[in-house]
Amino acid sequence: MGLDAAANETSCRRRYSFKNAQTIALGSFYRGDYKAAAGIYDQALESAMHAGDAQLILISKVNVARVAVKLGRLPVAAASLRKLSQDADSIGLKYVSVECSMYLAEALLDMKNYEAARKGLEGAISRSEKLDARGLLAQNHYLLARALELSGNAAEAQGHYKQARTIADDVQKEAHTDTILKRSDLSPIYSQNHP
26 MGLDAAANET SCRRRYSFKN AQTIALGSFY RGDYKAAAGI YDQALESAMH AGDAQLILIS
86 KVNVARVAVK LGRLPVAAAS LRKLSQDADS IGLKYVSVEC SMYLAEALLD MKNYEAARKG
146 LEGAISRSEK LDARGLLAQN HYLLARALEL SGNAAEAQGH YKQARTIADD VQKEAHTDTI
206 LKRSDLSPIY SQNHP
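Residue numbering for the sequence shown follows my numbering, beginning at 26 and increasing consecutively.
By construction, these hints were calculated from the structure, which means they are not laboratory data.
Please read all numbers here as calculations on a predicted model, not as lab measurements.
Heads up, some of the hints might be wrong.
Claimed, not checked - List time: in silico DSSO-like cross-link candidates among lysine-lysine, alpha-carbon distance up to 27 Å:
| hint | residue 1 | residue 2 |
| --- | --- | --- |
| 1 | K137 | K95 |
| 2 | K187 | K144 |
| 3 | K198 | K137 |
| 4 | K95 | K207 |
| 5 | K60 | K108 |
Work the whole structure out from these sequences, hints included.
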């Protein structure tokens with residue numbers, strides 16, 4: 026086996042290791058086990074860096090940042106997500122860019138910066154619609170509703186809560202399973218009493 030073939034095989038193994046770690050971490054994330062997801066995402070980032078694949082590195086950094094939001098490491102996560110959103114856009118990863126914007130807005134909400142969160146979510150909603158990314162669209166409407174409600178605009182918030190629920194219902198119907206509704210990123214839409 027030549028050096029090129031050996032290097033290619035090593036690179037393939039690292040990508041495989043990365044993908045396995047991402048799958049396991051995503052399961053932990055969806056179950057709400059953010060500490061477990063954080064450890065696995067850190068390992069996946071290390072694998073991606075060894076593989077030298079810019080796209081895998083970016084996705085890994087996004088996953089590390091979104092878990093940081095869930096674990097309350099807000100200022101660091103917010104700064105990271107701002108840059109990662111731009112980086113994702115620059116290499117054509119539009120979905121990842123919208124996801125970064127959404128988690129940035131969630132961090133801003135948790136830091137009580139409701140106006141900045143609202144502005145970011147309005148943009149994320151528009152971009153989610155263009156991508157037909159309905160899971161993200163539902164989450165963005167939910168977070169916008171929270172931002173509006175927390176800033177004293179409960180009447181406007183109700184419309185976004187309703188849209189979030191309607192879109193999540195459609196996602197669940199298409200999936201033909203209610204396990205989607207148990208995901209930690211979609212379950213908040215159903216956990217509160219909103220129209």
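Structure-based check of all given hints:
1. The straight-line distance between the Cα atoms of K137 and K95 is roughly 15 Å, inside the 27 Å bound, and the hint therefore holds.
2. For the given pair, K187 sits about 19 Å from K144 by alpha-carbon distance, which is consistent with the 27 Å threshold.
3. Restraint check for K198 and K137: the C-alpha separation of about 34 Å exceeds 27 Å, so the hint is violated.
4. A threshold of 27 Å between alpha carbons decides the hint, and for K95 with K207 the separation of about 16 Å falls inside it, so the pair holds.
5. Restraint check for K60 and K108: satisfied, since their Cα atoms lie roughly 23 Å apart, inside the 27 Å limit.
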